[in-house]
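Undergrad: Given chain A's structure and the hints, the job is docking chain B onto it.
2 protein chains.
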Amino acid sequence: MSGEDAPAEQQQNAVDQKQETKPAEEPKAEPPKTEPAPAAAAAAADADAAAAAATPAATTEKVPEEDTFTYRALVLTGYGGYDKVKLQVKKGKPALKAGEVLVRVKACGLNFADLMARQGLYDRLPSPPVTPGMECSGVVEAVGEEVTDRKVGDKVMVLSRFGLWQEVAAVPATHTFLIPEGMSFEEAAALPVNYITAYMMLFDFGNLRPNQSVLVHAAAGGVGIAATQLCSTVKDVTVFGTASASKHETISQGGVTHPIDYRTKDYVEEVRKISPKGMDIILDPLGGSDTHKAYNLLKPMGKLITYGASNMLAGQKKNLLAVAKNWYHQFSIHTLSLIQGNKSVCGFHLGYLDGETELLTQAMNTILDLYKQGKVKPRIDSTWHLEQVGDAMRKMQERNNIGKVILNTEPMPEEEKKEEPKKEDKKKDDKKKEEKKKDDGKKEEKKDDKKKEEPKKEEKKEEEKKEEPNKEEK
Amino acid sequence: MSGEDAPAEQQQNAVDQKQETKPAEEPKAEPPKTEPAPAAAAAAADADAAAAAATPAATTEKVPEEDTFTYRALVLTGYGGYDKVKLQVKKGKPALKAGEVLVRVKACGLNFADLMARQGLYDRLPSPPVTPGMECSGVVEAVGEEVTDRKVGDKVMVLSRFGLWQEVAAVPATHTFLIPEGMSFEEAAALPVNYITAYMMLFDFGNLRPNQSVLVHAAAGGVGIAATQLCSTVKDVTVFGTASASKHETISQGGVTHPIDYRTKDYVEEVRKISPKGMDIILDPLGGSDTHKAYNLLKPMGKLITYGASNMLAGQKKNLLAVAKNWYHQFSIHTLSLIQGNKSVCGFHLGYLDGETELLTQAMNTILDLYKQGKVKPRIDSTWHLEQVGDAMRKMQERNNIGKVILNTEPMPEEEKKEEPKKEDKKKDDKKKEEKKKDDGKKEEKKDDKKKEEPKKEEKKEEEKKEEPNKEEK
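Here the protein sequences line up with chains A and B, keeping their order. Position 458, counted from 1, in the first sequence is what the UniProt record's numbering calls 458; the numbers after and before it change by one each time, with no gaps. Position 406, counted from 1, in the second sequence is what the UniProt record's numbering calls 406; the numbers after and before it change by one each time, with no gaps.
A portion of the hints provided could be inaccurate.
[Stated by the list, open to error] Stretch-level coverage of chain A by chain B, calculated; a stretch enters the list once three of its residues show a Cβ under 8 angstroms from a Cβ in chain B:
# : stretch
1 : 80 to 93
2 : 204 to 210
3 : 305 to 312
4 : 322 to 332
5 : 335 to 346
Keep in mind the hints are simulated off the structure, nothing from the lab. In this text, a Cβ means the ideal position worked out from N, Cα and C, and glycines have one as well.
Excised from the complex, chain A in its bound form (with noise of 0.2 angstroms):
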C-alpha cells in the first residue's frame, strides 16, 4: 500500500500514534462570521493545548472533560488528490462563543466545492491545515450564551462556509435548522447546500415560472436532483436534463422531462430539436465552453445561471490544462450582447452568500415546507464512513452517483476496514484516467469496473431511511 494513496483511516492510525499535540484547526475559528485567520487560531490552538497539558494549575476552571474530550475531524492536509484529505483525532472542547451551538455531527454532505477546495481552487476554504464541510446535521449538545430558540437535543441542520467534517462543531445558532419530524440525519445533511443552491437559482434569478423550459446540466448530481423536484412544483415546467445515459431512467422517474445523455450527444442539438427557440433558464455548473453554449441557447429573456466550473475538475489533483482551458474559455459578455439578446446572466455560490443569514432561512424555511408536503426528499446516493472519505470524494468526481454522497460519523467497523479494495489498482485507473482528461478535458468517463470499488451500503432505497441511518451499519 502506498504512502501517498493511503486512505484515511491509515491516516487516523498514524496521527493517533503521534499523539498530536498540536491541533492546527480548532472548531472554534471555524464559524464563517469573519474572514478566517488561520494563523491566530492556530496560536489560540497552541494555547489551548499548552494550558490544558502543561499547567493544570493554571486551568482550575476547566472541568477534567475539557482535558479528555476528543473528536475526529476530517482534515485538508494540502492541497492535492483523494488521500489529501486525513482522518485525525483532536483534543479538547471546543469552546462556544455567544450565540453558537456545539453539534454532535451525524451527517455531512459532500460537495463539489470541496472536491474543488481540496485541489486548491475554491478560495473560500483557508489555507490548510483546515477541515472543510459547508453542511452537516446532528444534536444540539451545548448552547452558548444568548442563544434562545436552540436547546440540547435539538435534532438540527447546519450549513458553514467550512468546518463541517468533523465529529462535533461549534456554530453559530443562525446557521442551523431545525430538522422536520420524519426526516433522516443524512437527508438533514443532504439539503442545505443542493436545496438552497437549486431553490435560490430557479426562483431568485430565475423568476421560474408555469409553462416554461430549464436545463439542468448534471441532472443526476445532487443540485441537478434538487432542481429538477423544484421545478416540479411550478405547473407545466419542461426540464432538460443532462447525465449518462445509465441514469435516465432514474431522472425520468425524478422529473427529467427529456434526458439527454452528453456523452454521445451533442445536448445543444438535441434540445434545438425539442425546443427550437431555446431554453428559459439554464443551469449551468461546469463553466468554460459550456457557458458560451448555454447563452447561445437561451430564449429572449431567458436566464442563464453559473454555479461552478467543474469542468475544472479533471483528474483527482489539480490538472493544470482543464484550469487553464477554462479560464481561457471562460464566459465574459458585454452589456449591448445582453441588450440585443434580451438575456440575463447571474452567477449563483451559497459559499459567498454566508453573511446572508435572512435570505438563507427565508429560502430553507420554504423548502422545509416542501419538504413537509411530500414535494421534496433528498436523494441519498450512497453513504461512507469518515474513513473512506477518498472514496466518497472519488465517487463523486467521477460523476458515478445519483444524488447525494453522504459522510456519516459512526466509526467504521473492524470488518469493513478488512474488506477495502487495494489501493494500488485504483491508483494506475487514476493515472489512467488523467491522461485521458489531458485528451478531451471533459467530463469524465464512467467506468463499469469501478463499482466493485463501492461499499456495499451504498444504492439503499430512500425508503428503507430511518431517522438513525447509521444503525444499520453498526
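TA: Frame of chain A, contents of chain B only:
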C-alpha cells in the same frame, strides 16, 4: 433661417412643392415581422407609384381614393441633428396584408431609441430614408384579411419596431392593443414602450418582491416614471431615483422614496449613505462607466438591468468621443465575478423583442389591468405637432422633460407657426452644449433659458387630459 436647421414644417413645404412622386418608405414595409429590406420596399413603392400615376388603365381595381389618398409622415432622411427628421407628404393608401390593420394615428410616443436612431446609433431602424416611431395610438380605419379581433373604429395603441410617426400606418393586428375606457390617445401613445420596458425589467428579470430596494436612473423620464409607479404596486419597495433637483418634488409625489440630484452629488455615495449594503435592483439606461458603478452597488442576489446607452447621446449629432468613451467603458463581466458576487446582469431592449408577441401581450394585459385599477397612469410631459418633432426630440435629449414627450398628428395652426422661436439662437446653444459635452461626456446641463422656446401647451396637468386631447389646440 439656416437651411440646416430648417424646422420640419419648412421641409414639408419643400416636399409639397416638389410633389414628391417616389415615396421611398412605404408603410407596408414597416410591420416588423421580418428583417428590413429597404431596397426591396423602395422598389415596390416605385412600382406602385408608377402603376398609380402612369398607367391608370392597368389599375382599374383601384378606386380613385387610392390615387388621391395622401398623408403626412415624418421621415429620417439621414443621420445627424434634429433637422434630419423631416415632415413629408406621401401619396397612396397603404395596402393591407393579411393580418394587418390600418390605423389612423392620433398620437405618437418619443423614445430614447428614436434619438439614438437619428444619430445612426440604433440598429433596429433600417437605413434612411425611413419613418421612425415605435409606438402610437389611433383608430382602426380598415382591417385586412384574417383579422378577427379588431374592427373599424376600435381605439388602439400600437407597438412596432419603427414606422409609426405618420398619420396612417399599416400594422399587424397582433401589435395593437385596445385602449381601455377613459384613457386618452396621448396616454395610450405614452404607455406601450415605457411601461412594457419597466414591467419586464422589474418583474421578469428583476423579480421584484416586497421590502426590496430599486435604483431608478432618470427617474423623471418615461421609463423612470413607469418604473416608479410599478414599484409602488409592490409592498414596501424603496425607490432611489436620480433626477435634477428641479424635478425632485414631482418624482417624490410619484413615488420615489429618495430623490438624488446626480448633477451635484455622487449618487453612489448618496445611495450608500441610506442603504449601505446596496441595491436589490438597478435599472441602468446610461451605459458606460455608470454600469460599472451599478454593478458594484448591487447587494448579494442583486440584479443589474441595463437597457440603454444614453451616455452616448451627447449633443444633437453623433459625438464620436462620447460613443468611444461609452464603448471603452462598456461593461464586460466574467462569470467568476458574477459567481463570487452572487449577482445578475441583464440586458433589455424592447426593440429586439418584436417577435415575442405572446410575452408582450401578457405584459401589456397586466399593465392595462393596473391602469384600470388606477395603479399606473402615464404622465405626459408635453405634446408637440409633427412639425415640431425637432423641438420635441431636443426637449427629451436635453432631459428637460418630466414624463413622456408626445407628438400629435393634428396639423399645426398657422398662428402657432408664427410663434416659433428663432432657430439661430438654438443653433448657437447647441454648439456651446456640444463643447461642454466634450469636457465631461456625461448628462447634459439643464438650461433654464431654453424654457422660452418650449411650446405653450406643455406642462399640462394630467387631470385636464380628455380622450380627445388635441381638441384644445385646434
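Undergrad: Would you mind marking each hint as holding or not holding in the structure?
TA: A quick look at each hint next to the structure:
1. 80 to 93: violated (count 0)
2. 204 to 210: holds (count 3)
3. 305 to 312: Since 4 is at least three, the answer is holds.
4. 322 to 332: holds (count 3)
5. 335 to 346: holds (count 12)
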